[in-house]
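**Q** Note that the working numbering has the sequence shown beginning at 1, numbered continuously upward.
Bear in mind the hints are in silico, worked out from the structure with no lab data behind them. It cannot be assumed that every hint is accurate.
Have a look at the derived ranges for each label pair, beta carbon to beta carbon [what the hints assert, rightly or not]:
1. N25 with A180: 35 to 43 Å
2. T197 with Q176: 26 to 34 Å
3. R35 with G208: 37 to 45 Å
4. P56 with V267: 40 to 48 Å
5. D142 with D107: 28 to 36 Å
6. T13 with A258: 38 to 46 Å
7. N25 with D217: 42 to 50 Å
8. R66 with P251: 55 to 63 Å
9. P251 with T169: 35 to 43 Å
10. V11 with R265: 26 to 34 Å
11. E292 with A190: 44 to 52 Å
12. R35 with P56: 24 to 32 Å
Note that CB positions come from ideal geometry on N, CA and C, so glycine has one too.
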Amino acid sequence: MTGASRDGPAVATRLPPIDVHRWVNSAPLTPEELRGRVVLVDVWEYTCVNWIRAAPYVRAWHRDYRDAGLTVIGAHAPEFAFGRLPENIDRAVRDHGLTYPVAIDDDYTFWRALRNDAWPVRYLFDADGRLADRWVGEGEYDRTEAEIRRLIEAAAPGAALPPVTPEVTAFVTSPQPTYAGITPETYLGADRGVPGTYALTGDWRVEGEYVEVAGADAELVLPFTAGEVNLVADPGPAGPAGVRVLLDGKPAADARGADVDPDGRVVADRAAMIRLVDGAPPGEHRLTLRAERPGLRAYVFTFGP
Numbered sequence: 001m002t003g004a005s006r007d008g009p010a011v012a013t014r015l016p017p018i019d020v021h022r023w024v025n026s027a028p029l030t031p032e033e034l035r036g037r038v039v040l041v042d043v044w045e046y047t048c049v050n051w052i053r054a055a056p057y058v059r060a061w062h063r064d065y066r067d068a069g070l071t072v073i074g075a076h077a078p079e080f081a082f083g084r085l086p087e088n089i090d091r092a093v094r095d096h097g098l099t100y101p102v103a104i105d106d107d108y109t110f111w112r113a114l115r116n117d118a119w120p121v122r123y124l125f126d127a128d129g130r131l132a133d134r135w136v137g138e139g140e141y142d143r144t145e146a147e148i149r150r151l152i153e154a155a156a157p158g159a160a161l162p163p164v165t166p167e168v169t170a171f172v173t174s175p176q177p178t179y180a181g182i183t184p185e186t187y188l189g190a191d192r193g194v195p196g197t198y199a200l201t202g203d204w205r206v207e208g209e210y211v212e213v214a215g216a217d218a219e220l221v222l223p224f225t226a227g228e229v230n231l232v233a234d235p236g237p238a239g240p241a242g243v244r245v246l247l248d249g250k251p252a253a254d255a256r257g258a259d260v261d262p263d264g265r266v267v268a269d270r271a272a273m274i275r276l277v278d279g280a281p282p283g284e285h286r287l288t289l290r291a292e293r294p295g296l297r298a299y300v301f302t303f304g305p
């Protein structure tokens with residue numbers, strides 16, 4: 001999901017019980033223990049590109065405002081089955097530098113209590129546990145930080161607040177990208193895949209959440225309009241899987257994503273989001289993925305300007 005919005009279902013008006021599977025970086029927290037502190041709940045999923053883009057701001061708020069009265073809680077709810085594996089979540093917490101409390105909501109209990117319906121979503125509760133605001137998707141980081149500051153000051157008049165975070169200052173002073181006209185996220189697999197949005201050749205197995213390479217000469221072709229293309233993929237039980245990445249029939253060169261080597265090859269070594277293309281010229285393009293061995297599982301493509 002891109003952009004920020006307050007549209008959605010009627011959400012919880014107070015911080016509900018945080019009934020989750022387990023906690024990382026913290027003992028279990030309760031609304032009663034958090035009374036007197038401003039609470040920012042960040043509902044996230046570790047392969048979600050929108051959350052990955054928003055994460056630096058959440059980390060900055062924890063870094064700069066925790067001593068002033070803010071508690072940040074990351075509530076992880078998995079989109080795919082691999083997101084329930086503790087080793088995947090624990091690695092994501094480390095890789096993304098999350099040092100604030102993380103609630104692992106494998107069964108969506110806290111998600112339902114919040115009446116949530118998307119990733120990422122930021123819920124901001126005041127020191128009495130009342131919902132002050134909610135932001136869906138990316139953006140509006142300046143408004144989020146302004147509200148954090150207002151609520152801290154309301155809870156502790158005269159509190160010494162740090163300067164606005166450098167991350168938000170840079171956000172406000174930088175031109176913001178537009179997502180108009182780019183290809184929407186494209187799911188693979190039988191559950192949410194839309195016929196005609198991509199083509200498979202060679203031997204593939206189509207499962208509910210993903211498509212899996214099942215033999216030699218497997219190829220996936222995706223038409224798209226965007227500057228950035230990412231893929232959520234899992235190497236499967238056989239271990240790391242190599243993939244050749246072609247943009248309009250040739251290696252992407254200057255438009256290759258951060259995870260693609262200069263020869264146009266990427267290795268999926270864990271269940272994660274892979275950056276395939278970054279900086280494609282405006283217009284329509286064709287992405288081709290050629291798998292080097294069976295086992296690779298592809299879940300969803302996401303795009304950016």
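**Q** Failing hints, ascending?
**A** As far as the earlier hints go, 4, 8, 10 and 11 are violated by this structure, in ascending order.
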